Amino acid sequence: MTTASDRDTILELTQKLLVCIIDGDWETYTELCCPTLTCFEPEALGNLVDGLEFHQYYFNLPSTNSNSAPLPVQAKIVAPHVRVMGDVAIIAYVRLTQKNG
Numbered sequence: 058m059t060t061a062s063d064r065d066t067i068l069e070l071t072q073k074l075l076v077c078i079i080d081g082d083w084e085t086y087t088e089l090c091c092p093t094l095t096c097f098e099p100e101a102l103g104n105l106v107d108g109l110e111f112h113q114y115y116f117n118l119p120s121t122n123s124n125s126a127p128l129p130v131q132a133k134i135v136a137p138h139v140r141v142m143g144d145v146a147i148i149a150y151v152r153l154t155q156k157n158g
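The number in the numbering used here is simply the position in the sequence shown, starting from 1, with 57 added.
Bear in mind the hints are in silico, worked out from the structure with no lab data behind them. Since this is a predicted model, take the numbers as computed values, not measurements.
No more than 25 Å apart at the CA atoms, straight line, and that leaves these computed lysine to any residue pairs for SDA-like:
#	residue 1	residue 2
1	Lys133	Glu88
2	Lys133	Asn117
3	Lys156	Gln72
Modelling step: build the complete structure from the supplied sequences, incorporating the hints.
Below, the structure is given as structure tokens:
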């Protein structure tokens with residue numbers, strides 16, 4: 058059974074993950090992610106991605122507009138579903154990304 062405390066912790070860590078992605082903070086990203094993660098990403102066009110190497114590429118892309126001004130971006134977790142089974146947690150959510158530029 059998922060407790061409110063478990064749910065809050067998972068939501069906080071997931072929000073921290075979204076922020077480190079926006080900030081280009083690769084170190085924090087690798088601390089929060091298992092090195093052997095697998096996932097489906099929109100950029101992978103339906104292919105299963107193994108490991109962190111695929112993700113590191115996106116941390117090296119510029120996060121500024123043509124005037125070298127930082128683009129304001131924020132990401133929010135919408136409609137989260139959290140399940141904790143022993144020492145494994147699963148979260149599914151919609152990521153709402155807002156940006157100007």
